[in-house]
Amino acid sequence: MDILGNLPQVLFSGLAAGSVYALVALAMVIIYRTTEVLNFAQGDMAMMSTYVGLGLLVAGGLPFFWAMLGALAFAAALGAFSEFAFLRRAKEPTVLGLIIITLGIEMIVFGFASWKWGGDPRDLPTPLSPADVVVIGGVIMSYLELATIAISATTISALFLFLNRSKAGLAMRATQQNRAVARLMGIRVRRVEMGAWALAAVIGGIAGLLVGPATTVEPYMMWDPMMKGFAAAVLGGMTSLAGAALGGAIIGIIENLFGFYVSTAFKSVVPFAAILLMLAIKPSGLLARHYVKKV
Amino acid sequence: MTSLLRVENVDTYYGLIQALRGASLEVQAGGIVALLGANGAGKTTLLKTVMGLLEDQPDKGEIFFDGQPIHGRETEDIARRGIAYVPEGREVFRELTVMENLKIGAYARRDAIGEDLEGIFRYFPRLLERRDQWAGTLSGGEQQMLAIGRALMSRPRLLLLDEPSLGLSPLLVQEIFDIVKSINTDGVTILLVEQNARMALSVASRALVMERGRFVLEGSAEEVAADPDVQEFYLGLATEESVKGFKRYRRKKRWR
Ligand SMILES: Nc1ncnc2c1ncn2[C@@H]1O[C@H](COP(=O)(O)OP(=O)(O)O)[C@@H](O)[C@H]1O
Ligand SMILES: [Mg+2]
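Chains A and B, in that order, are what the protein sequence lines are.
Sequential numbering from 1 applies to the first sequence in the working numbering.
Sequential numbering from 1001 applies to the second sequence in the working numbering.
Be a bit skeptical, because a hint or two may be false.
To be verified - Computed from the model, here is a short list of chain B residues facing chain A with C-beta under 10 Å: (1) Asn1039; (2) Gly1040; (3) Met1051; (4) Ile1070; (5) Glu1074; (6) Glu1076; (7) Phe1093; (8) Glu1095; (9) Leu1096; (10) Tyr1107; (11) Arg1109; (12) Arg1150; (13) Phe1233; (14) Leu1235.
Hint data in this document are derived by calculation from the structure and do not stem from the laboratory.
From a predicted model like this one, the values you see are computed outputs, not experimental measurements.
Positions of the beta carbon are idealized from the N, C-alpha and C atoms, including for glycine.
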């Protein structure tokens, strides 16, 4: 096999994987910036939304598009509910306390999914099968991978447009920067925070719906993407959206490079080695600006 | 005539520390009311209490805006009723542009804001030049202008200004006060907290003096400016009793 000739193929597969990590990372950054919580339930909330999509599609008999839309509506509700029912209840919360709460949500969601749907992996049928491919310049691209990259890119663009061009996005950024002053502007910050959780859950949910068809739907399905997504968020500096997106792509790519050229066995460890290195060299992350949060 | 803002016997605590002790004040619609007092007297606390920014405060007392009770309400709702607060230290959104800061000031409004923007750029032409810059990159004086402009974007009926002259050069202070005056002329009632008593009394119609959490003197700006204690402690005019007075003042401060 031609070692260098395979490089474009490896990069492409890495980008497809990385675009999912980018979505998870963005979801975590949105929540972290708005409510200063590391949401460790992000992945499993996405898993549950994917099960709901699968249920609507198979048991409910809805057309594919509507089933997926239903899954995302469920994701939004689950995100908003989690913020309202659990996070908001914490009075004068500490960082650690909030993390424990999200771990609690993760356990509830995971436990529920295991009990309700069992451990059997299921297929999420899509209009695209992994067998449909196109070959461009010697690189084999499955429709599913292409769709994954396209959907992620569209989601990320839409997110940036929302934050930078809409009134609600402006209110969200203002709340992130200075909550008390945002309230002085008449912004109902609790709604913004609930909205941020809903938004993040939808973005995470899209990641889940992209992971489902590529692997299988099972309670553990989001553990690996979740860890990689978290790693990507840290790599990007935790507060930078662009950094999170870039971090996701980088992790997907180096993971695939390592898996192809060195060893598949340690493929999953590599992103974390990259982060250790990153934290040692530039702890603020790839794109982190000097971001001072006023309390 | 009902007053625009009425604060009645308000007690505010920070934990066990009592910062307001039965503070009462009335602001009539129309003028500029200057609120004077030494550092730590409780001026900022009073404004924050009015805005509902201190959780579970006021502990006692009542606050009315335009005859309606607002104590215990959410800050968002108090702001939406028509009170804008320019906090001490400006507190612009540093990573929003100047334009975005102004737009967010009008967040609660649904009507067009073009005219308001024009008005603000007339008051502060420098903000127009810098409209696409991050607010964090502005100088202190420009940030103060932006904070005032942002507050005006909500079309408030009452504007609370907390030490707008803090840290600004004398020239800028003059500029800001001129504009504060014309904002008032344009119909906004202003409650002005200032360390710079001379400047505040020069633009105000009425004035109050606060000491250790309560009001100790109230009157027209002229009356307050003529008060011997005010002349000595706030305007720095030496009198014969200055040495004695200074000592008494120091002792009071230690008792706090
Ligand atoms: N966050 C706080 N925690 C505890 N005490 C405070 C706090 N803020 C102000 N104080 C106290 O309340 C009193 C009034 O403060 P403040 O309202 O800031 O005064 P002023 O604005 O007149 O300088 C002071 O004694 C101050 O030390
Ligand atoms: Mg103060």
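>> Could you work out which of the previously given hints the structure breaks and list their numbers from low to high?
In response: 1, 2, 4, 13, 14
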